[in-house]
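Asks: Could you put the whole structure together from the sequences, leaning on the hints where they help?
Chains as they are written, first to last, in full-length UniProt numbering: chain A, 1 to 345; chain B, 1 to 326.
For the record, the hints were derived by calculation from the structure and aren't laboratory data.
Beta carbons are placed, not taken as given, at the ideal position from N, Cα and C, and that holds for glycine.
Where hints are given, some of them may not hold.
Non-contacting residues of chain A with respect to chain B, defined by C-beta distances greater than 12 angstroms in every case (computed) [said to hold, decoys possible]:
hint: 1; residue: 46
hint: 2; residue: 53
hint: 3; residue: 66
hint: 4; residue: 78
hint: 5; residue: 210
hint: 6; residue: 248
hint: 7; residue: 260
hint: 8; residue: 335
hint: 9; residue: 336
Simulated restraints, written as ranges between beta carbons of each label pair [said to hold, decoys possible]:
hint: 10; chain 1: A; residue 1: 98; chain 2: B; residue 2: 178; range: 46 to 56 angstroms
hint: 11; chain 1: B; residue 1: 46; chain 2: A; residue 2: 184; range: 54 to 64 angstroms
hint: 12; chain 1: B; residue 1: 229; chain 2: A; residue 2: 98; range: 35 to 45 angstroms
hint: 13; chain 1: B; residue 1: 289; chain 2: A; residue 2: 208; range: 27 to 37 angstroms
hint: 14; chain 1: A; residue 1: 208; chain 2: B; residue 2: 87; range: 38 to 48 angstroms
hint: 15; chain 1: A; residue 1: 131; chain 2: B; residue 2: 229; range: 34 to 44 angstroms
hint: 16; chain 1: B; residue 1: 141; chain 2: A; residue 2: 6; range: 26 to 36 angstroms
hint: 17; chain 1: B; residue 1: 229; chain 2: A; residue 2: 264; range: 41 to 51 angstroms
hint: 18; chain 1: A; residue 1: 293; chain 2: B; residue 2: 46; range: 34 to 44 angstroms
hint: 19; chain 1: A; residue 1: 123; chain 2: B; residue 2: 141; range: 18 to 28 angstroms
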Amino acid sequence: MLTFAVRRLVLAIPTLFFISFVIFMLLQLAPGDPMAQVPLTVPPEVKEKMRQALGLGEPVLVQYWKWLVQVFWTEPKIFIDWLTRDSLLLGWLPDTQLYQGELRVISWQTRSPVMDIVLQRLPQTLWVVGLAYVVGVLIALPIGIYSAYRQYSVFDQAGTFVTMIGFSIPPFFTGPLLIVIFSVYLGWFPSIYDTTHVVNDWASFKVQIYQMVMPVMVLALQTTAQLSRYMRASMLDNLNQDYVRTARAKGLSEAVVVMVHVLRNSMIPVVTVIALGVPAIFGGAIITENVFKVNGIGQLLLTALFANDLPMVMTLTFIFAMLIVLFNLIADILYGLLDPRIRYD
Amino acid sequence: MTEPVPSSPAPIEALRDKGPDRPPRSQWRDVWSQFRKHKGAMVGAAFLLIITLGVLFGPWLWTLDPQRLDIRAKDMRPIYTALWDSTAKTGWGHPLGTDQLGRDNLSQLIAGGRASMAVGWAAMLLSLIIGTGIGVMAGYFRKADGVLMRLTDLFLSLPILPLLLVAVTLFRQPLRANFGPEGGMFILIVAVVGITSWMPTARIVRGEILALKEREFVLAARSIGTRPFKIIRRHLLPNVLSPIMVSATLGLATAIITESALSFLGVGFPSDFPTWGKMLADAVARMEDFPERVLLPGIAISLTVLGVNYLGDGLRDALDPRIRGR
Numbered sequence: 001m002l003t004f005a006v007r008r009l010v011l012a013i014p015t016l017f018f019i020s021f022v023i024f025m026l027l028q029l030a031p032g033d034p035m036a037q038v039p040l041t042v043p044p045e046v047k048e049k050m051r052q053a054l055g056l057g058e059p060v061l062v063q064y065w066k067w068l069v070q071v072f073w074t075e076p077k078i079f080i081d082w083l084t085r086d087s088l089l090l091g092w093l094p095d096t097q098l099y100q101g102e103l104r105v106i107s108w109q110t111r112s113p114v115m116d117i118v119l120q121r122l123p124q125t126l127w128v129v130g131l132a133y134v135v136g137v138l139i140a141l142p143i144g145i146y147s148a149y150r151q152y153s154v155f156d157q158a159g160t161f162v163t164m165i166g167f168s169i170p171p172f173f174t175g176p177l178l179i180v181i182f183s184v185y186l187g188w189f190p191s192i193y194d195t196t197h198v199v200n201d202w203a204s205f206k207v208q209i210y211q212m213v214m215p216v217m218v219l220a221l222q223t224t225a226q227l228s229r230y231m232r233a234s235m236l237d238n239l240n241q242d243y244v245r246t247a248r249a250k251g252l253s254e255a256v257v258v259m260v261h262v263l264r265n266s267m268i269p270v271v272t273v274i275a276l277g278v279p280a281i282f283g284g285a286i287i288t289e290n291v292f293k294v295n296g297i298g299q300l301l302l303t304a305l306f307a308n309d310l311p312m313v314m315t316l317t318f319i320f321a322m323l324i325v326l327f328n329l330i331a332d333i334l335y336g337l338l339d340p341r342i343r344y345d
Numbered sequence: 001m002t003e004p005v006p007s008s009p010a011p012i013e014a015l016r017d018k019g020p021d022r023p024p025r026s027q028w029r030d031v032w033s034q035f036r037k038h039k040g041a042m043v044g045a046a047f048l049l050i051i052t053l054g055v056l057f058g059p060w061l062w063t064l065d066p067q068r069l070d071i072r073a074k075d076m077r078p079i080y081t082a083l084w085d086s087t088a089k090t091g092w093g094h095p096l097g098t099d100q101l102g103r104d105n106l107s108q109l110i111a112g113g114r115a116s117m118a119v120g121w122a123a124m125l126l127s128l129i130i131g132t133g134i135g136v137m138a139g140y141f142r143k144a145d146g147v148l149m150r151l152t153d154l155f156l157s158l159p160i161l162p163l164l165l166v167a168v169t170l171f172r173q174p175l176r177a178n179f180g181p182e183g184g185m186f187i188l189i190v191a192v193v194g195i196t197s198w199m200p201t202a203r204i205v206r207g208e209i210l211a212l213k214e215r216e217f218v219l220a221a222r223s224i225g226t227r228p229f230k231i232i233r234r235h236l237l238p239n240v241l242s243p244i245m246v247s248a249t250l251g252l253a254t255a256i257i258t259e260s261a262l263s264f265l266g267v268g269f270p271s272d273f274p275t276w277g278k279m280l281a282d283a284v285a286r287m288e289d290f291p292e293r294v295l296l297p298g299i300a301i302s303l304t305v306l307g308v309n310y311l312g313d314g315l316r317d318a319l320d321p322r323i324r325g326r
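Replies: Now the structure itself:
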């Protein structure tokens, strides 16, 4: 198991380098010019100097190398500095002061470090999208379990229909639909997610809950649809196994048979599927964030793309790719840990 | 000495077959009869057929030009609004109303459906071709297996929607210059959706090919000197047809949704070219006053995808020999 994990981890490193190289080269083809917004009165030689200052004068491979150094060397140094200075966990350690003012990855839009902006946007995404994922999982598992236990019952048929709808209706339709119904006609929830809202007492907490309901519901519908299908199929696979008959023959109650014996075995593939969905939380739901005006990571990527902010796009896309690779690895290892029948070596 | 073996005894009269009582059934007849039992799949297939025929022949039945501006007849409501609101601006000339520039909603829906369906089918076919090709190569030629599967893993770990957005915003200008605004966008969207969605098909096909390759009929074909490509074409591809068909339906659904999502985010087709996703996106700003402009394209997308998904569900059941005939 350990050798497998180490081997996969080692294999992940060239994969990540390759992905980052591909994304970097793709972005080099971008037709836009970061100097396009500069007024025409600025003389060309000054423009050229500004271009140099943005790091655009170097050959492509040098630019790529510098980006790699910034992301994999400078940013970790800043992170370690922060850990030893401000964090609760390791703040008692002496300040390391590794970061000596080297150049970081700078956004072309705001001229501030990309990582700082990402860290500003991350909480909104994690709150909305992460909570939606949790809600989706919590709804999906009971639905999957019950509809497998009562296969072809009315509940199962209805559940199948609802999950089919969840699969089929895209979030850019459910979002506006919910806004029309619940914000416009009924006026229950606000249509725009206010990220500047501060929660400090019961009333403001209620406002926060109210503004989170709709985006969370839209996202949870998608999660629920996928996960409850998996849960149902996995339960059905296990319900007909011999060990279930044995458990019933021993005289165990139906609740124990289903909720302990069958459920634990059925959760093995479902847990890995849940793990595989986690990168999408950090990736942010681009469309849902756009509909409800949540200024999270997904919306950051979209605005960066439209503003031709290549360092930001590059770094964000690479972070997403890194998370996907990482959670693929975690899912594989989890599968091996949970199911002793799986042997990787 | 052993006794001579008696010739086979006369068959008992009651047990004798009087010839096959029914003509043999082909595999596809079986598939069809199983498929017909799946009500959802039948409804889905019928709906998909109606939508396809509607967008194909609709422009001949409803001849209004979807891009014609008629500013006097702008912001008309659908005809059914007159049922509860007699003061609403309705008219039989525009049964589903018009948008803020006076373009007819019905003909826009038909034109948008043509674009969405064309993109969906083309992207699905492209991803099937790539996926089947890579799956067959990886499954049949052992030397290519490692490289191709690493490539598949690599593609699976790419963040798809961000990359789609990146690719569309980057390559929009050159392709538009070469193939015109609509043609360039069509090629671009089909290509990016196809290139980023072939991986599941490749994996499924590879697994099937790996199992089929060891079967006796492939050995027999090889022993009489059949070339590898002929074996693939004659013996392997027909046998992996059913998983390919199932993943085709999934691919069609994803392609339609992806195209609409790109249009919704404003990186799809040019602004005067209606697609369902773009109609929806344009209408969101005015959905308080004209909810039908959000609902109509949204329902069109959702029902089409729902139909395709049910069709895929039924196909999976019908093509699985373990379920069929039960």
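Asks: Taking the shortest Cβ-to-Cβ distance between residue 335 of chain A and chain B, state whether it exceeds 12 angstroms.
Replies: Since the minimum Cβ distance to chain B is about 16 angstroms, residue 335 of chain A lies beyond 12 angstroms and the statement holds.
Asks: Go ahead and decide if the range 46 to 56 angstroms is satisfied by the Cβ distance of residue 98 of chain A to residue 178 of chain B.
Replies: Roughly 50 angstroms apart at Cβ, these two residues keep to the hinted range, so it holds.
Asks: Taking 12 angstroms as the cut and beta carbons as the points, is residue 248 of chain A off the interface with chain B?
Replies: Since the minimum Cβ distance to chain B is about 24 angstroms, residue 248 of chain A lies beyond 12 angstroms and the statement holds.
Asks: Should the hint that residue 229 of chain B and residue 264 of chain A are 41 to 51 angstroms apart at their CB atoms be regarded as holding?
Replies: holds, 48 angstroms
Asks: Examine each Cβ of chain B, and state whether all of them lie more than 12 angstroms from the Cβ of residue 78 of chain A.
Replies: holds, 24 angstroms
Asks: Looking only at beta-carbon atoms, does the pair residue 289 of chain B, residue 208 of chain A fall within the given range of 27 to 37 angstroms?
Replies: holds, 30 angstroms
Asks: Taking the shortest Cβ-to-Cβ distance between residue 46 of chain A and chain B, state whether it exceeds 12 angstroms.
Replies: holds, 27 angstroms
Asks: 35 to 45 angstroms was suggested as the range; check whether the CB atoms of residue 229 of chain B and residue 98 of chain A agree with it.
Replies: violated, 59 angstroms
Asks: I want to verify a distance hint. Is the separation of the beta carbons of residue 131 of chain A and residue 229 of chain B within 34 to 44 angstroms?
Replies: violated, 53 angstroms
Asks: Would residue 260 of chain A pass as off the interface with chain B, using Cβ distances and a cut of 12 angstroms?
Replies: Given that every Cβ of chain B is farther than 12 angstroms from that of residue 260 of chain A, nearest at about 29 angstroms, it holds.
Asks: Taking the shortest Cβ-to-Cβ distance between residue 53 of chain A and chain B, state whether it exceeds 12 angstroms.
Replies: holds, 24 angstroms
Asks: Quick check: does the Cβ-Cβ distance between residue 123 of chain A and residue 141 of chain B fall within 18 to 28 angstroms?
Replies: violated, 50 angstroms
Checked against the numbered hints above, the structure violates hints 11, 12, 15, 19; every other hint is satisfied.
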